[in-house]
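Using the sequences and the hints, build the whole thing.
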Amino acid sequence: MDTPRPIFWHQGLFLQPHHFQMLERSFATQLHPFFRYQCPSFFGMAALDIQKAALNTHSMYIMSGEFVFPDGTYAVHPGNCTISPRSFENSWIEGGKPLKVFLGVKKWQKDAGNVSQIDSYEEAFKHNTRYVTLKNPEWVPDMHGGSTDGEVKFLSHVLKIFWESELDELGSFSLLPIAELVRDGDQIVLSQQFIPPCLCIHASSHLVRIITEIKNQLIFRCRQLEEYKQDRGIQSATFGSKDMVFLMALRSLARHIPGLMHVLETESVHPWHVYGLLRQLIGELSTFSAHINALGEENDGRQTIPAYDHTSLWKCFSSAQQCIARLLDEITAGPDYIHLLEFDGTFYTTDIKPEAFTSGNRFYLVLTSEDDTADIAEAMSTLAKASSRERLPILIARALPGVGIDHLPVPPQELPRRPQSIYFALNQHGEQWNHVVQSKNLSVYWDDAPPDLTMELMIVGRT
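Reading the sequence shown from the start, the letters are residues 1 to 463 in the working numbering.
It cannot be assumed that every hint is accurate.
Said to hold, decoys possible - Here are the simulated BS3-like pairs of lysine-lysine, each with C-alpha atoms no more than 27 Å apart in a straight line:
#	residue 1	residue 2
1	Lys107	Lys135
2	Lys100	Lys135
3	Lys110	Lys153
4	Lys97	Lys315
5	Lys100	Lys110
6	Lys353	Lys215
7	Lys215	Lys153
8	Lys135	Lys97
9	Lys107	Lys126
10	Lys315	Lys353
11	Lys153	Lys52
12	Lys52	Lys315
13	Lys110	Lys135
14	Lys126	Lys100
15	Lys110	Lys52
16	Lys100	Lys52
17	Lys215	Lys160
18	Lys135	Lys215
19	Lys160	Lys97
20	Lys52	Lys97
21	Lys135	Lys153
22	Lys126	Lys153
23	Lys100	Lys153
24	Lys100	Lys440
25	Lys353	Lys440
Hints are computed from structural coordinates only; laboratory data are not their basis. Just so we're clear, the structure is a prediction, and the values are computed from it rather than from any experiment.
As C-alpha cells, this is what we get:
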C-alpha cells in the first residue's frame, strides 16, 4: 500500500508542486483505514443511471453515477470525473452469453505521471492516466475574501468502460462491475439477475425488491400463524403441542420482521449487514426444519446459501430468499387461501381464485358460532347444501344433494384452532364439485343458521 509520510514544514522552505502533491496524497491515505476496516467490502456504486435506449444501438452510455472503487477512489458523474460512451458492437462475440460491463480508473502511479493536459473533456478517453486537466485554467471566485476571481486548474478522474473479455489486460486499473447485458429477443437489456457491488441496499432496485419480498413473505406467514394465538389465551385446554411449535415460529418471525423493516427504511445500510440478518434468520428458522441446518446446509452437505460475496450480490440474496421460502413452507403448513363466505340473506357465498384449484389442494369449511358445535355438525350434515352460486337454487328446488360436507372431529393440523369453531372437509368429487370448479365460486345454503355464524373456506396446498 502506498502510504506517504507527512511533510516536515520548516522556516525557509522553498515550496514546490511536489510538496502540495505529497500533502494531498498524505491526506487521502488517512481515509484508507476507514475504507478497509470500518465495513467489509466498502466499495461499489451508490447510484447509477444507464441510458437503456442506447443499448439497442450497441452503446454503453452512463448518464450519471456515484462510485467508490476498490482502491478508495471516490468518483461522481457528472462532477469530479469523466466517462465517455463506448460501443460494444464488435466486443460482444458470444452473443448467447451475457456481457459483463466494468468501470475502471487508473491506479495511482507512484513513479510516473498521473495527469494528462487536454483541450476539452471530450478527448479524455484517449489518455491512459488517472487524471486529466484542461490546459486552460478555470476562473473561480474567492469564497472567503470576496475579492476578484482567480484561475485554477482542476483534476478530473478518467473513468473508462471495459468488457469482461478485456480483464486480463487491465491490471493497472481499479475495476467495478456495474452491469450485465443480455439479449431479450431483438432487444438488448440490462440483466434482471445481476446486482453490482453496492455501497447501500437502496443503490439497487433489484436488491431492495428481493429484501422487500422476503419481508413480505415473513409478514404473510406471521399473520397466518397469529391465527393460532387463541383469543382466550395460550393456556387454553385446546392449545396443543402443534400450536406450541407454531407459537415458537411466530416468535421467531416477529423478532426478525422489525429488523428488516428498519433496514429498508434507512437508505445507507450496507448489503453485508442485511445479509447477516438473513443468515441469522435462516439459522433460527432451521430449528423447525428436518432438511436444512443452522449453516444453511442440506442433509447431504450441499450449501443452500453462499458466504457473502460483494461482487455476486444476486447469487447471495436470491439464494437466501429461496432458502427462507423453503423454511417457511416447512414451518407453516397452514392454509394457502382463506375466503370468508359472505351472507347475502339466503346463501353464504365466496369467489375462489383459479389458482386455488391446483391439483392436490384440499378444501375445508370452518364455521364459528356460540351455538353448540354438535348441533352445527348435525345440521351441516343433514340440512345444509353446497355447490356453485349458479347451481345451488336448482338443487334446493329439486331437493338434490350438493357437494359432500364431512365433519372432522379433529381439525387438520394445517388449520388454525379457534374457540367455538367446527371443521368440515368438502368432497372434491362428483358433478356438484365440478360446478364449483367451473364457476370458481362456492355457495352454502343453511335455512336456519345461527345469527352469529361465520363461515370460512380454507384451502390447503399439497405438501
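So, going through the hints one by one against the coordinates:
1. Lys107 with Lys135: holds (23 Å)
2. Lys100 with Lys135: Given pair Lys100, Lys135 is violated - Cα atoms ~35 Å apart, limit 27 Å.
3. Lys110 with Lys153: holds (21 Å)
4. Lys97 with Lys315: Satisfied, since the Cα-Cα distance of roughly 17 Å is no more than 27 Å.
5. Lys100 with Lys110: Cα-Cα ~30 Å, so violated.
6. Lys353 with Lys215: holds (24 Å)
7. Lys215 with Lys153: violated (50 Å)
8. Lys135 with Lys97: Given pair Lys135, Lys97 is violated - Cα atoms ~43 Å apart, limit 27 Å.
9. Lys107 with Lys126: Satisfied, since the Cα-Cα distance of roughly 17 Å is no more than 27 Å.
10. Lys315 with Lys353: It is violated: about 33 Å lies between the C-alpha atoms, which goes past 27 Å.
11. Lys153 with Lys52: At roughly 34 Å apart (the allowed maximum being 27 Å), Lys52 and Lys153 break the hint.
12. Lys52 with Lys315: holds (24 Å)
13. Lys110 with Lys135: holds (23 Å)
14. Lys126 with Lys100: Holds, at roughly 22 Å.
15. Lys110 with Lys52: Status violated; Cα separation ~38 Å.
16. Lys100 with Lys52: Distance ~15 Å between Lys100 and Lys52 Cα, so the pair holds.
17. Lys215 with Lys160: Answer violated: Lys215 to Lys160 is near 38 Å, above 27 Å.
18. Lys135 with Lys215: violated (54 Å)
19. Lys160 with Lys97: OK: Lys160 and Lys97 at ~23 Å, within 27 Å.
20. Lys52 with Lys97: holds (19 Å)
21. Lys135 with Lys153: Roughly 8 Å separates the two Cα atoms, so the pair holds.
22. Lys126 with Lys153: Given pair Lys126, Lys153 holds - Cα atoms ~20 Å apart, limit 27 Å.
23. Lys100 with Lys153: Not satisfied, since the Cα-Cα distance of roughly 35 Å exceeds 27 Å.
24. Lys100 with Lys440: violated (47 Å)
25. Lys353 with Lys440: Since the Cα atoms of Lys353 and Lys440 sit roughly 7 Å apart, the hinted pair holds (cutoff 27 Å).
Hints 2, 5, 7, 8, 10, 11, 15, 17, 18, 23, 24, counting from the list given before, are not met by this structure.
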